[in-house]
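First residue of the sequence shown: 49, per the working numbering; consecutive thereafter.
Bear in mind the hints are in silico, worked out from the structure with no lab data behind them.
In this text the structure is predicted, and so the values were computed from the model without any measurement.
Check each hint, because a few of them may be wrong.
Computed Cβ-Cβ distance ranges for the label pairs, DEER-style [stated by the list, open to error]:
1. Gly200 - Leu66: 15 to 25 Å
2. Gly55 - Ala182: 30 to 40 Å
3. Pro168 - Ser52: 33 to 43 Å
4. Ala107 - Arg136: 11 to 21 Å
5. Ala149 - Gly200: 32 to 42 Å
6. Ala107 - Asp181: 14 to 24 Å
7. Gly137 - Asp181: 34 to 44 Å
8. Arg197 - Gly137: 30 to 40 Å
Each residue gets a CB set at the ideal place from its N, CA and C atoms; glycine is no exception.
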Amino acid sequence: MSPSSVGELTAFLREADLTLSALDDPAVRLWVVRGAADAVGCSAEASAVTGTGTVTGTAIVGSTGYELSADRRHALVRSVAVHPAARRGGLGRRLALAALAAAAAEGASDAWLFSRRSGPFWQSIGFEPADRDALAAALPDAHQVRLFRETGQLVREVAWHRALTSEPR
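Start from the sequences, fold in the hints, and give me the full structure.
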């Protein structure tokens with residue numbers, strides 16, 4: 049992802065009130081979906097998540113990503129967000145499932161995430177509440193885990209887990 053795209057993604061995720069740490073780290077896999085600002089919901093459909101991470105020329109309307117544990121068995125899903133004007137059309141679900149599929153293709157068997165506000169969404173794609181300490185033990189070097197430990201935020205986080213061998217409900 050180019051430095052300018054990282055800057056745009058940072059602004060997009062700041063608006064969504066999501067963690068901004070390590071967006072420029074190559075170990076963090078990130079993708080964005082772009083759409084025309086005046087037709088954000090419709091244009092997002094035409095811009096699939098790409099291998100390069102971006103489609104140029106329009107505003108970010110969605111993002112997704114993950115980082116793997118050192119043994120590549122666990123993925124921490126992160127940065128899943130959809131612009132408010134593009135919500136309720138299934139884009140968030142497609143983005144989340146794309147991240148899960150990519151993580152599984154890299155060998156991950158378990159997906160984890162932190163979310164205090166979006167539990168029903170994550171449950172709709174097969175995640176279940178999990179022990180935050182189990183998440184931290186599975187992904188001790190993940191940027192979010194390290195940040196949350198350093199700042200004392202880990203105790204306030206809500207963890208979620210899903211096996212990647214199962215299909216979403």
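Hint check:
1. Gly200 - Leu66: 15 to 25 Å: About 19 Å separates the Cβ atoms of glycine 200 and leucine 66, which means 15 to 25 Å holds.
2. Gly55 - Ala182: 30 to 40 Å: Taking Cβ atoms as reference, glycine 55 and alanine 182 lie about 34 Å apart, which means the hint holds.
3. Pro168 - Ser52: 33 to 43 Å: Cβ of proline 168 to Cβ of serine 52: about 35 Å, so the range 33 to 43 Å holds.
4. Ala107 - Arg136: 11 to 21 Å: holds, 18 Å
5. Ala149 - Gly200: 32 to 42 Å: At 34 Å between Cβs, range holds.
6. Ala107 - Asp181: 14 to 24 Å: violated, 38 Å
7. Gly137 - Asp181: 34 to 44 Å: Check passed, 36 Å falls within 34 to 44 Å.
8. Arg197 - Gly137: 30 to 40 Å: holds, 36 Å
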